[in-house]
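Enquirer: Given these sequences and hints, build the entire structure.
There are 2 protein chains.
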Amino acid sequence: MKLQVQIEMNEALFLRNPESSELGKNILKHGVQLIHKTGFEAFTFKKLAEDIGTTEAGIYRYFENKHKLLVYLAAWYWAWLEFQIIFQTNNIKDPTKRLKKIINLLAKSVEDDEQTSHINESLLHQIIISEGSKAYLTKQVGEDNKQHFFKPYKDLCSVIACIISECSPKYKYPKSLASTIIEMAHFQNFFMYNLPSLTDFGKSKEESKIIAFLNDLVFTSLKNS
Amino acid sequence: MKLQVQIEMNEALFLRNPESSELGKNILKHGVQLIHKTGFEAFTFKKLAEDIGTTEAGIYRYFENKHKLLVYLAAWYWAWLEFQIIFQTNNIKDPTKRLKKIINLLAKSVEDDEQTSHINESLLHQIIISEGSKAYLTKQVGEDNKQHFFKPYKDLCSVIACIISECSPKYKYPKSLASTIIEMAHFQNFFMYNLPSLTDFGKSKEESKIIAFLNDLVFTSLKNS
DNA sequence: TTTATAATAATAGTAATACTATTATAAATA
DNA sequence: TATTTATAATAGTATTACTATTATTATAAA
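Protein chains in written order, with my numbering: chain A, 1 to 225; chain B, 1 to 225.
Read the hints as simulated data drawn from the structure, not as lab findings. You may find that some hints are simply not true.
[To be verified] If the Cβ cut is set under 8 Å, some of the chain B residues that face chain A in the computed set are:
| no. | residue |
| --- | --- |
| 1 | Gly39 |
| 2 | Ala49 |
| 3 | Ile52 |
| 4 | Leu137 |
| 5 | Thr138 |
| 6 | Lys154 |
| 7 | Lys175 |
| 8 | Glu183 |
| 9 | His186 |
| 10 | Thr199 |
| 11 | Asp200 |
| 12 | Phe213 |
| 13 | Leu217 |
[As the list claims (entries may be wrong)] Rough simulated footprint, nothing fancy, chain A against chain B, three-plus residues with beta-carbon under 8 Å:
| no. | segment |
| --- | --- |
| 14 | 72 to 85 |
| 15 | 124 to 133 |
| 16 | 139 to 153 |
| 17 | 192 to 198 |
Here the structure is a predicted model, which is why all the values come from computation and not from measurement. All C-beta atoms in this analysis are idealised placements derived from N, C-alpha and C, irrespective of residue type, glycine included.
Expert: So this is what it looks like as structure tokens:
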């Protein structure tokens with residue numbers, strides 16, 4: 001049995017639904033590969049078109065510009081991750097164990113699930129680590145937010161905040177702690193590989209240590225509230 | 001008495017020292033203003049040249065490209081902040097109090113010190129909040145790091161990590177906690193104003209609450225180690 | 001004082017980027 | 001078969017991110 005993760009995307013993110021045609025799917029697939037390879041700054045629709053074997057204008061029929069494509073991919077990732085979290089913590093009752101599992105899912109590099117979609121989740125995870133913040137660190141963040149482009153991120157944050165509150169109902173900053181966990185799961189990873197002296201894991205480069213750090217950070221906070 | 005903060009900058013960051021001429025100083029001054037106004041993506045050397053009343057090529061004589069200018073400004077900011085921290089915690093002996101003071105300095109919006117330099121520190125602080133990560137979230141981060149472009153950031157992180165270790169010698173993640181404090185002082189601020197549901201301060205929008213959150217996060221971690 | 005030389009500035013480009021408008025082709029329906 | 005309609009390909013343009021060349025000014029040696 002093949003499990004198709006069909007993630008319903010905000011229609012304002014695209015001009016034409018990329019899931020609706022082969023070309024659209026190729027834009028997502030090769031888009032992920034090319035952004036991962038060149039970085040978002042050097043990534044252009046022209047290069048992507050050459051990769052796919054179509055024209056620049058062909059891609060512009062699907063996405064208004066490359067920023068929208070990045071926001072689309074980020075939204076897809078957050079929605080996908082929330083699904084993973086819901087699915088993989090479904091049978092866990094103890095909120096503490098659930099939170100630990102979530103930290104694991106956030107901080108562990110993803111293995112691509114070739115079965116499920118044309119998007120390589122492993123590459124996308126790495127893109128989100130190094131490019132993800134650029135989706136919202138812009139002047140248009142207010143506009144984009146009004147159009148609910150960041151809803152998947154907020155939903156995920158909200159899910160985590162709820163579990164934090166289950167663990168410690170008196171803890172005063174569940175949302176901020178949730179966004180801190182999410183951001184730091186990625187930033188500590190980026191730092192570990194690129195600016196190692198900003199972390200305590202620069203030598204060994206083990207993701208498990210980031211997880212240990214986050215667990216320590218979160219659970220001492222929750223214990224003492 | 002006028003205190004001139006002369007920050008010695010890495011020479012590889014510029015082609016000509018912008019501190020060495022009026023045009024150079026104008027590039028920094030108006031650069032900060034324009035990046036703040038338009039955001040880094042829409043910022044161009046052409047617009048900056050028009051603002052100053054010089055030509056595009058005139059600016060290219062000082063900075064190779066706009067990325068280098070951003071890295072310069074970020075480096076300047078981190079060096080300036082480290083100076084502020086050293087200066088303002090100089091007479092404080094208790095490391096706990098020093099750390100509290102540092103969290104304050106990181107999370108509180110800066111008031112421009114018009115006396116000291118052509119750079120508006122208040123605007124620059126806001127730029128670092130929304131654009132600062134883009135200085136290192138690039139494909140060239142490795143190259144840039146080899147040229148020590150991020151030394152001021154790392155130095156600041158190191159100073160904070162040392163104080164953390166003074167507070168709790170047994171705490172296992174001083175560097176990662178330091179980079180977490182720095183990043184979260186900024187991200188929680190950005191979220192509070194732009195994606196408020198990612199924080200617990202969306203309603204009131206008070207910086208003091210970010211400080212309270214960070215203090216809680218840090219000192220419960222240190223107490224329990 | 002004149003002239004060489006070096007530093008700086010202004011002009012005028014170019015290749016690439018980020019799009020858009022128009023035309024052509026294929027598919028679906030009347 | 002004719003006619004919409006959808007999609008794709010072609011060919012543009014304005015802007016961006018630079019660079020090369022020429023002009024000007026300042027400094028120093030003859």
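Enquirer: Compare the structure with each hint and give your call.
Expert: Going down the list of hints, with the structure as the test:
1. Satisfaction of the interface hint for B:Gly39 is found here, the shortest Cβ-Cβ separation to chain A being roughly 4 Å, below the 8 Å cut-off.
2. Restraint check, B:Ala49 versus chain A: the minimum CB separation of about 21 Å is more than 8 Å; hint violated.
3. Of the supplied interface hints, the one on B:Ile52 is violated, with its beta-carbon coming no nearer than about 21 Å to a beta-carbon of chain A, more than 8 Å.
4. Given the 8 Å rule on beta carbons, the hint for B:Leu137 holds: about 6 Å separates it from the nearest Cβ of chain A.
5. Here the hint on B:Thr138 is kept, as its CB sits about 6 Å from the closest CB of chain A, short of 8 Å.
6. Taking 8 Å as the C-beta cut-off, the interface hint given for B:Lys154 holds, the closest approach to chain A being about 5 Å.
7. For the restraint placing B:Lys175 at the interface with chain A, the shortest Cβ-Cβ distance is roughly 5 Å, inside the 8 Å limit, so the hint holds.
8. Below 8 Å, beta-carbon pairs count as interface contacts, and B:Glu183 has one with chain A at about 6 Å; its hint therefore holds.
9. For B:His186, the interface hint is violated, the least distance from its beta-carbon to any beta-carbon of chain A being 10 Å, above 8 Å.
10. Because the beta carbon of B:Thr199 sits about 5 Å from the nearest beta carbon in chain A, less than 8 Å, this interface hint is met.
11. With its C-beta approaching chain A no nearer than about 5 Å, B:Asp200 sits inside the 8 Å limit, and its interface hint holds.
12. Given hint, B:Phe213 at the interface with chain A, holds; its Cβ is 5 Å from that chain's nearest Cβ, closer than 8 Å.
13. A distance limit of 8 Å between C-beta atoms decides the matter here; for B:Leu217 the minimum to chain A is near 6 Å, and the interface restraint holds.
14. A stretch counts as covered by a chain when three or more of its residues have a beta carbon under 8 Å from one of that chain; for the segment 72 to 85 of chain B and chain A the count is 0, and the coverage is violated.
15. Under the rule that three or more residues need a Cβ within less than 8 Å of chain A, the assignment of the segment 124 to 133 of chain B holds, with 3 such residues.
16. A stretch counts as covered by a chain when three or more of its residues have a beta carbon under 8 Å from one of that chain; for the segment 139 to 153 of chain B and chain A the count is 6, and the coverage holds.
17. A stretch counts as covered by a chain when three or more of its residues have a beta carbon under 8 Å from one of that chain; for the segment 192 to 198 of chain B and chain A the count is 4, and the coverage holds.
Taken one by one, the earlier hints fail for this structure at numbers 2, 3, 9, 14, listed in ascending order.
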